[in-house]
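Please model the entire structure based on the sequences and the hints provided.
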Amino acid sequence: MMRFISKRHQKCYKDVVPVRFNLWVMLFTSCWVVYMLRVNMSLNLIAMVPHEAKNITAMSQCDSKEEVTNVTFHNTDISDVREAPRQTQGGASFDWSPEQQATILGAYFWCYPITSLVGGMAAERWGPRYVVLVSSVASAVLTALSPAAARLGYVSLIVVRFFLGFAGGFIYPSLHVLVARWAPPEEKGKFISAMMGGTLGTVVTWSLTGPLLEKFGWASAFYVPAALTFVWCAFWWYLVADTPNEHPRITEAERKYITDALGDKVKKSKGLPPFKSICTSFPFLAMTVLHYGNLWGLYFIMTVGPKFVSSVLGFELSAAGIISALPYLARLFMAAIFGAVGDCILSKKMMKTTTIRKFFCLFSHIIPGVLLVLMVYAGCSTALSVTLITMSMGFNGAATLTNLQNHQDLAPNYAGTLYGIANFVGSTAGFFTPMITAYFTRNGNSFDQWRPVFFVGASVYIVSAIFFILFGTGNIQSWNFSNDETNEAKDDKMRNGDNRGVSTPEDKNDSKEAKDKEDKDTPLSVITRN
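If you want this note's numbering, it's the 1-based position in the sequence shown plus 218.
Mixed in with the good hints, there may be bad ones.
To be verified - Straight line, CA to CA, 25 angstroms or less: simulated BS3-like cross-link-like pairs of lysine-lysine:
| id | residue 1 | residue 2 |
| --- | --- | --- |
| 1 | 474 | 485 |
| 2 | 408 | 474 |
| 3 | 567 | 474 |
| 4 | 485 | 408 |
| 5 | 570 | 408 |
| 6 | 483 | 566 |
| 7 | 483 | 494 |
| 8 | 566 | 408 |
| 9 | 483 | 570 |
| 10 | 483 | 567 |
| 11 | 483 | 408 |
Hints were generated in silico from the structure; no laboratory data involved.
Spelled out as structure tokens, the structure:
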């Protein structure tokens, strides 16, 4: 009886809640988990190492007489949401220099771009479900080992952070492989918007870590995220499958809807991607340039924006609580809206895919670039400057319809590989933006000295969009299909009595040869009579 009731409730649940919704939730929370384990160290270090507040006279152009209390935060991801407690009861103190602390934080990114580069290929070969699971479990174990490593010495903690970044690099490309295999074209905007879960994860993590540090000590801020990750991994293993055909609890109607929508565009890859075709593909180059411009703008706003507001306007974003989180929450909110709008436009066939990708570059790149330029003309109004930063990040949420989705258009079979390559190239923007800022502001922090910084930042944003508008496309590329997959698709359709399929050059040559043979076999009198 109980088994019957359980099966009945399970059936009702499957009919009411689509598997695609469960997948969206797991995508969103996976990004949350990645950022939770990445950024918690930035706040934990402040509690682990005793800091003394230093009053430094900031000669800002807007208020040269005001003394601004500057507290150094080594956060590579976003501006600090809240100020951490300087010491925690019962916690150990580590005498680490600022350089050592910076090395501990930076160690995460030493190998992250490399594993991001190969993460997509690993997911395409072994399946995104396994790759994300193994990477997440390894990340949780390493996070739980962090307190012990810290007590051994900062070198041990650096090693842990290095391998944590090594594991984390696999996750985002793997998630893009999962989207390529599950999301119908009319729903990809919503699925890509789930990738913004890291933004909310960062804000919430920073907000909740403070109370943990104050009540239970700095070690708890490692153990609790690790435990949450282990619980999340159990849900991931139960709710996620590599493809709709492999999911044990999906309804037949939903499976058919997804497979019919995807058609023959996506196959499980066992071989290496066609690197020669990828590297010589101009549409892929255009997508990479657009992705680089997007990451350039994001790194620019995350690092240069708060520094400008602090150095020139004399206002510390890190001390402003929720204000510092507004740009990231705006990007999360607008990404969901843009994703839904793009899906609606595509489902109603109001625009073609290529037109959507190019049109929304106006919102994801061009408008944010213009808003950056306006910042240096906003004068000494802190409210206006913060508003412009928030609007710039909010409009960039449209990236869910441009660079964050275009690789899915070009080659869904190799979506993870394309994203990994583009992300590897784009990550270099994080090295250049601080260098450019330091060069132009080496002699002071006036509006005149900051103006070129924003002009350069805005130019990369806008020029990358123009390049994509001129040379980019949303059409699937021929190298998405290997010869084996093409022949397999043709055989399947022949067995089903369906002659429709993927049009390839080989098909055209075969048709031409067949027509020539038919003409030769046809009697001359018949040809003349026709």
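Checklist line | Distance restraint between residue 483 and residue 570, which requires alpha-carbon spacing of 25 angstroms or less | finding: holds, 17 angstroms
Check: Between residue 408 and residue 474, is the straight-line Cα distance small enough, at 25 angstroms or below?
Finding: holds, 20 angstroms
Margin query: Just to be careful, I want the Cα atoms of residue 483 and residue 408 compared with a cutoff of 25 angstroms; is the pair within it?
Written below: Within the cut-off at roughly 20 angstroms; holds.
Notebook entry, point to check: Does the structure keep residue 485 and residue 408 at a Cα separation of 25 angstroms or less?
Noted result: Satisfied, since the Cα-Cα distance of roughly 22 angstroms is no more than 25 angstroms.
Notebook entry, point to check: When you check the alpha-carbon spacing of residue 570 and residue 408, does it fall within 25 angstroms?
Noted result: Measuring from Cα to Cα gives roughly 18 angstroms; hence the hint holds.
Notebook entry, point to check: Does residue 494 lie within 25 angstroms of residue 483 when you go C-alpha to C-alpha?
Noted result: holds, 20 angstroms
Notebook entry, point to check: Is the straight-line distance between the alpha-carbon of residue 483 and that of residue 567 25 angstroms or less?
Noted result: Between residue 483 and residue 567 the Cα gap is close to 19 angstroms, so the pair holds against 25 angstroms.
Notebook entry, point to check: For the pair supplied as a hint, residue 566 and residue 408, is the alpha-carbon distance within the 25 angstroms limit?
Noted result: holds, 16 angstroms
Notebook entry, point to check: Given the hinted pair residue 483 and residue 566, is their alpha-carbon gap at most 25 angstroms?
Noted result: Holds, because 21 angstroms separates the two Cα atoms, which is no more than 25 angstroms.
Check: Under the criterion that the straight-line Cα-Cα distance not exceed 25 angstroms, is the pair residue 474, residue 485 satisfied?
Finding: Holds. Residue 474 to residue 485 sits at ~16 angstroms (cutoff 25 angstroms).
Checklist line | 25 angstroms Cα cutoff - pair residue 567, residue 474 | finding: At roughly 22 angstroms apart (the allowed maximum being 25 angstroms), residue 474 and residue 567 satisfy the hint.
Violation of the numbered hints given earlier is absent; every hint is satisfied by the structure.
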